[in-house]
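Enquirer: Here is how the chains run, residue by residue.
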Amino acid sequence: MASMNMIQALNSAMDIMLGKDPSVVLMGEDVGYFGGVFRATEGLQRKYGEHRVIDTPIAEGGIVAAAIGMSVNGLRPVAEIQFADYIYPGFDQIVSELARIRYRSAGDFFAPVTIRTPCGGGIRGGQTHSQSPEGIFTHVSGIKVVMPSNPFDAKGLLITCIEDDDPVVFFEPKRLYNGPFDGDPNKPAVPWSAHAKGQVDEGYYKVPLGKADVVRAGAAVSIITYGTMVHVAAAAAAAMNVDAEIIDLRSLVPLDVDTICTSVKKTGRCVVAHEATRFSGFGAEILSIVQEECFWDLEAPIARVTGWDTPYPHAFEWEYFPGQARVQAALKSVMEPA
Amino acid sequence: MSNKSRLHLPHVPARPGETPDFSYVQQSPAGAVPRPEVNTRARDMLSLSTDLVRVLNDDGQAVGPWHPHLDAADLQVGLRHMLLTRLFDDRMQRIQRAGKISFYMRSLGEEAVSVAQGMALRPSDMLFPGYRNQGLQVVRGIPLVDLMSQLLSNTNDMCKGRQLPVMYHSRANNIFSISGNLATQFPQAVGWAMAAAIKGEDNVAATWIGEGSSAEADFHHGLLFASVYQAPVILNVVNNQWAISTFQGYAGGEQRSFAARGPGYGMAGIRVDGNDFLAVYAVTQWAAERARTGGGPTLIELVTYRGAAHSTSDDPARYRAKDDAEHWPLGDPILRLKAHLIKIGEWSEERHQALNAELEALVASSWKEAVAFGTMTEGPRLDADTMFEDVFKEMPRHLQRQQAALRQERS
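Sequences listed follow chains A and B, in order. Quick note: the first sequence uses my numbering, first residue 1, plus one each step. Quick note: the second sequence uses my numbering, first residue 1001, plus one each step.
To be clear, the hints were calculated from the coordinates, so they are not data collected in a lab. Accuracy of the hints is not assured; some may be wrong.
[Stated by the list, open to error] Below, simulated EDC-like cross-link-like pairs (lysine to aspartate or glutamate); rule was C-alpha separation at most 20 Å, straight line:
1) Lys211(A) <-> Glu1409(B)
2) Lys187(A) <-> Asp164(A)
3) Lys1160(B) <-> Asp108(A)
4) Lys266(A) <-> Asp297(A)
5) Lys1199(B) <-> Glu50(A)
The model shown is predicted, which means the values in this text are computed figures rather than measured ones.
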């Protein structure tokens, strides 16, 4: 075990996979010589060569398309899209091509591409470096969608995704790269070295897709969340002294419906929290599933905590961000129904 | 606003009722364009992208440095593949009109593109076709029964009923799945070629789009990545003049040839008479050798004419002159190769008629065989249960539940 932040854990996952499987290649803007703008691929081109860790032109559509072609020719590309906000020029290649190659060829062709992309706010990124577009991709048939909340999971999940024969969009909440952020920007930053999930196995291991993590067991209310909000929700509940069961989904597609429903049936109360915008967000899907599966066990209406349905404003980052106060208001609403 | 603004609006030379005029198609005499060595730098052969490589002259003779000197037997195979493609198209068009299949797209007049190019490549080279490249399927020996089964979405359909007609694929024969969204295959082929180079293999990738869809960003992504990494890929723009109702001017063809986009990206660009089987074969062979020997990508513009409607859902009489095709200056690819073979004493009208009859019989018997696997209205049907398969490698729970729900709905 070693102490790693999320960047180091992701780097370790890619390092291991490059070493283990000669078909794995990394590609993306600035990922090669420079090691990526967030340093996730640092040192890997030096170690594995320019043919394995490839700098690309600034053309996300081209990156995704080239990765598809490579994967059809037997490689396992891990393509970095520098910010999730930049993924849209590659959207058609992801939605119309990557997601459907297995289906439209009746399984004769498949495209094992992993797309890594940093998402989320809290780094003063404004409206073009802060988005959380995971819900846009969960709506697409044929693509897996993953978002880790800590270094240990990030490494194990990324290895699983690279080995997976289906395409994956792997969202990395960039505010968590260096430490578990609890939603309070005024507190001193906490490093991952102080967190249990910052202790990472240096070798090869996998964290399965479709298996949620019960981060904290509790009896009073279930908080269904993922990414940065795992830490915000935990801090909010602790501050209110609420015995919350906190579920980190980790993978949105496939989704661990059993863990969600077992928890809600136990607690009878449910809060769904994500940083992304609210309207048609992934939270609505969770809400719907809980309503369908757990309606007769619910003691109160389900509450949702999300970002506002505006672009992410530069000057009002913390008014936009769904911080502890918004989580606590939601907890209050489900704990003490009017 | 006045109609006389400074905005230039490309105008088709002839709309219905007007006289077709193809004077805009720049031609070079057969045999006139020099053939550079395959390792020539792109910037040292710029004129290749604006001239027109032609081998067959008006007398049916093969002339000049691009003459590929194929055996007569190979030319006869080429003629056979082109004729089979056309007869297959004709029959499928009529079958669509009879309501037996939902949709079809003919390649009338463009047969030399797919057939000559397919023949100039190795079976291990990977093809990323567009929707009007059925000649490639014929060259690679995909049985007509399999193509027809795909059109019928029947129990023998390679796509299991998931794709619109003509979106074939064949993993065993290295033909990639056709998308239906335009131009997406272009940069994918480049990625495939990059992987071949990374793996140290000498297979090349080839891909096709129409001049109309060269307007898509994917075309430019393909050229960019091919150029940056000098990928072993052949990028083909089939300039058949028409993108449904808009002519090639709306894809930027008025100001500069499509082949000239190649040198713009620092790669070889060749403009070729797409209805000249020998010229198409020769430039493709040249580009493949260039790619295989580390010379990088080539952009080939195949100048041809869409002889039929865009698809069975289209009626070109509404937007182009009725006798447009008759004025097309580069002729018909089948008639031209046939005339050449007769000229060199390797073919005759009698043999042609016999071949025509043989291939018509093949198409007819194949159709009989295909419908035995089911049609849209009769015979065996694919099990709707299978629609939930292959979304993912393993079916996740939500799809299992939906599959069960559909089963219940149908019971």
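Enquirer: Checked against the structure, which of the hints given earlier come out wrong?
Expert: Those not satisfied are hints 1 and 2.
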